[in-house]
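Enquirer: Start from the sequences, fold in the hints, and give me the full structure.
Those protein sequences? They're chains A and B, same order as listed. Position 222 of the first sequence, counting from 1, maps to 222 under UniProt numbering, and the rest follow consecutively. Position 102 of the second sequence, counting from 1, maps to 102 under UniProt numbering, and the rest follow consecutively.
Honestly, the hints are just simulated from the structure, not real lab data. By construction, the Cβ of each residue, glycine as well, lies at the ideal position given by its N, Cα and C atoms. Check the hints yourself; a few may be wrong.
[Said to hold, decoys possible] Distance condition first, Cα-Cα at most 27 Å in a straight line; then the derived DSS-like pairs of lysine-lysine:
#, chain 1, residue 1, chain 2, residue 2
1, B, K382, A, K10
2, A, K61, A, K71
3, A, K61, B, K76
4, B, K76, A, K26
5, B, K76, A, K180
[Stated by the list, open to error] These stretches of chain B come out as covered by chain A in the derived footprint (C-beta under 8 Å, 3 or more residues):
#, stretch
6, 51-60
7, 151-158
8, 219-225
9, 385-392
[What the hints assert, rightly or not] Computed list of chain A residues with no C-beta within reach of chain B, every gap over 10 Å:
#, residue
10, P48
11, T57
12, A90
13, R106
14, D202
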Amino acid sequence: MSSREAILKKVRQSLGQPASDAVRQKAVADRLKKSPQGVIPARGQLAPAERVELFCTMAEKLFATVQRVPKPEDVPAAVAEYLRGKNLPASIRMGGDPRLAAMPWRKQRALEVKQGASDGDDATGVSHAAGGIAETGTLVMLSGAGNPTTINFLPEHHIVVIDAADIDGDLETAIANVRKIFGKGKMPRTLNLVSGPSRSGDIEQKLILGAHGPRALHILVVGG
Amino acid sequence: MQITSPTFKENSAGALADVQLQKALGNVRSGFIDKRRKAVEALPEFDQLRDSARAIKDHALENLDLYLEAYEAKVKASGGHVHWAETAEDARNIILDICRSAGARTVTKGKSMITEEIALNDFLAENGIRPVETDLGEYIIQLRGEHPSHIIAPAVHLNKEQVEADFRRVHDHLPPGRDLSEPETLLNEARKVLRSAYFEADVGITGANFLVAETGTSIIVTNEGNGDLTQILPKVHVVVASLEKIVPTLEDAAQILRVLARSATGQDMSVYTTMSTGPRRPGDPDGPEEYHVVLLDNGRSAMLGTEFQDMLRCIRCGACMNHCPVYHAVGGHAYGWVYPGPMGAVLTPSLIGVDKAGHLPNASTFCGRCESVCPMKIPLPKMMRHWREREFERGLNPATQRAGLKLWAFLAKRPSLYRFATSIAIPMLSLLDRGKGRFGYLPLAGGWTKHRDLPAPEKRTFMQQLGSRNTAAKEAAR
Ligand code: SF4
Chain A
1 MSSREAILKK VRQSLGQPAS DAVRQKAVAD RLKKSPQGVI PARGQLAPAE
51 RVELFCTMAE KLFATVQRVP KPEDVPAAVA EYLRGKNLPA SIRMGGDPRL
101 AAMPWRKQRA LEVKQGASDG DDATGVSHAA GGIAETGTLV MLSGAGNPTT
151 INFLPEHHIV VIDAADIDGD LETAIANVRK IFGKGKMPRT LNLVSGPSRS
201 GDIEQKLILG AHGPRALHIL VVGG
Chain B
1 MQITSPTFKE NSAGALADVQ LQKALGNVRS GFIDKRRKAV EALPEFDQLR
51 DSARAIKDHA LENLDLYLEA YEAKVKASGG HVHWAETAED ARNIILDICR
101 SAGARTVTKG KSMITEEIAL NDFLAENGIR PVETDLGEYI IQLRGEHPSH
151 IIAPAVHLNK EQVEADFRRV HDHLPPGRDL SEPETLLNEA RKVLRSAYFE
201 ADVGITGANF LVAETGTSII VTNEGNGDLT QILPKVHVVV ASLEKIVPTL
251 EDAAQILRVL ARSATGQDMS VYTTMSTGPR RPGDPDGPEE YHVVLLDNGR
301 SAMLGTEFQD MLRCIRCGAC MNHCPVYHAV GGHAYGWVYP GPMGAVLTPS
351 LIGVDKAGHL PNASTFCGRC ESVCPMKIPL PKMMRHWRER EFERGLNPAT
401 QRAGLKLWAF LAKRPSLYRF ATSIAIPMLS LLDRGKGRFG YLPLAGGWTK
451 HRDLPAPEKR TFMQQLGSRN TAAKEAAR
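Expert: Dropping the structure here:
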């Protein structure tokens, strides 16, 4: 008997259930098919404008910095300004996300834009979020050529662009959106829910930002 | 690791006399409790979410075989591999095989209690593979050759001066005069040292907080981002997880996530909640080329269908130990194996045997705080009592304790007699405290009062107080 069979057999014996139990099989199949929602906190259930406000407030509480810009065209200038303000090299690492690609980066003449995954030598990375969760100030990041996952973790500064219209109230809505993109039961290789910059409290419970991931998370909210 | 649970009493005596440890444990008492309380108070639905989380896990456990099959099918469909391991030894060998076929010399590790449980690091090292812990706390204790003393804050038993000494000893390629006096400078040094390890590693090993049957996804939560660098930079990502980590759907994981971080660190969400499904996809510029899941039983299947099944709902948040007066007094190492505190007192006898861990279920004041803060509403005190009863039946307890328990059992089955007996004993005890409210010395309990005061009982028993409160409440309602 393989380990697989042995384990499943033991589980069934302990539960006192045969594998063929039609009632259990139906309950499991139903749950997997319907993905029922549980308790959704009232906190994020707001009209769009207040939802975006809540998202910004919650993200700032987590020590992210948030800046609102009216249009996608304003993003490159805001990025350049952030780099100058922090005395960072005028260079960013970025994936091929079409929303980012459509922005006027060339106008920032001094700004170097490196394409592709990060190799660990970039001071600043720029990504586009797939969504936001107002309830907790969380960004939803999907892996792929558009937004390589390494950019979320290797650069010391991470700038994330998010469309205000993509900010939802709760985690369940964000999950439903991901399902719309990839199909039921499917996921990208990596989905990162990011709530603030990296931190550790492992030495004497003292909270310090910038453990292994970015020390700073700057969110640019477009529109809304 | 060497199991020292059988000498829990001696371990505790040592812990109580350890000045550094007692100083460090002060951080547990002051930090965690307050943060959790604030986070819970800020979410009115918290208790409803606890019930929801409990129901999800109960449902998953009752149908564990079916969800495991569904999960496996999804992992395979996304290009990953599932390996089933009945024992710790099986799991170690499977992981070693994966490492060998990747030609691995260095593996990085995200924080994972399950790899502590199977003592993976020593095994890899014996086989010529260098395991590098990347969570700051885990890294520190790896340098010291120790084991975690807390399931979410592994180095909580240490003070910064101890960490500084270790860094100076191990990072001897760095200038000796450098400033390492603050947690910030220590963290920066660890960050730099570990950065190169991430890039050197051929295999990255993480645990999982959840395995999602709907999608074949493994989920980890971290604050540092180390678990992410561990899994996206090497060629191979190995997830090691025990059977009971299964949840049916992403929505189910979302429910439990809401209670997990709040209970653990008082955060609404941990900084990084990472959902990983299979290896990198065609066209992906980063991510692992191989994705393996090692599904470990190691005693879980035998807990199903018993009075200890509820323990399998545990999401390893650490709240029970953060609120435990015994843990506060002796810390995690005294428990003598991987899992400390109230959850360890219940789980350890299940996993390594009550003959070795029989003292742990006695390490309780039965104050009930663990159960009241447990996000999964696990009846920890009740299960500790189950172990005591089993132990008693096996006759492992000293004769005096057996006699005492017998008397208690006799009285407990006869409520009026119990009330009568305690109504005599309690006023007698309060005579002894001479109105201070605490005992510095109690006859027959020197082992306890030597290191701490025992709160003196109220002048009346709990049953008497409850009785008059109920009467008062009824009168007020009139
Ligand atoms: S027993 Fe409950 S409180 Fe303790 S670690 Fe497990 S889930 Fe958390």
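Enquirer: I'd like to know which numbered hints this structure contradicts. Please list them from smallest to largest.
Expert: Hint check: 3, 9, 14 fail, others pass.
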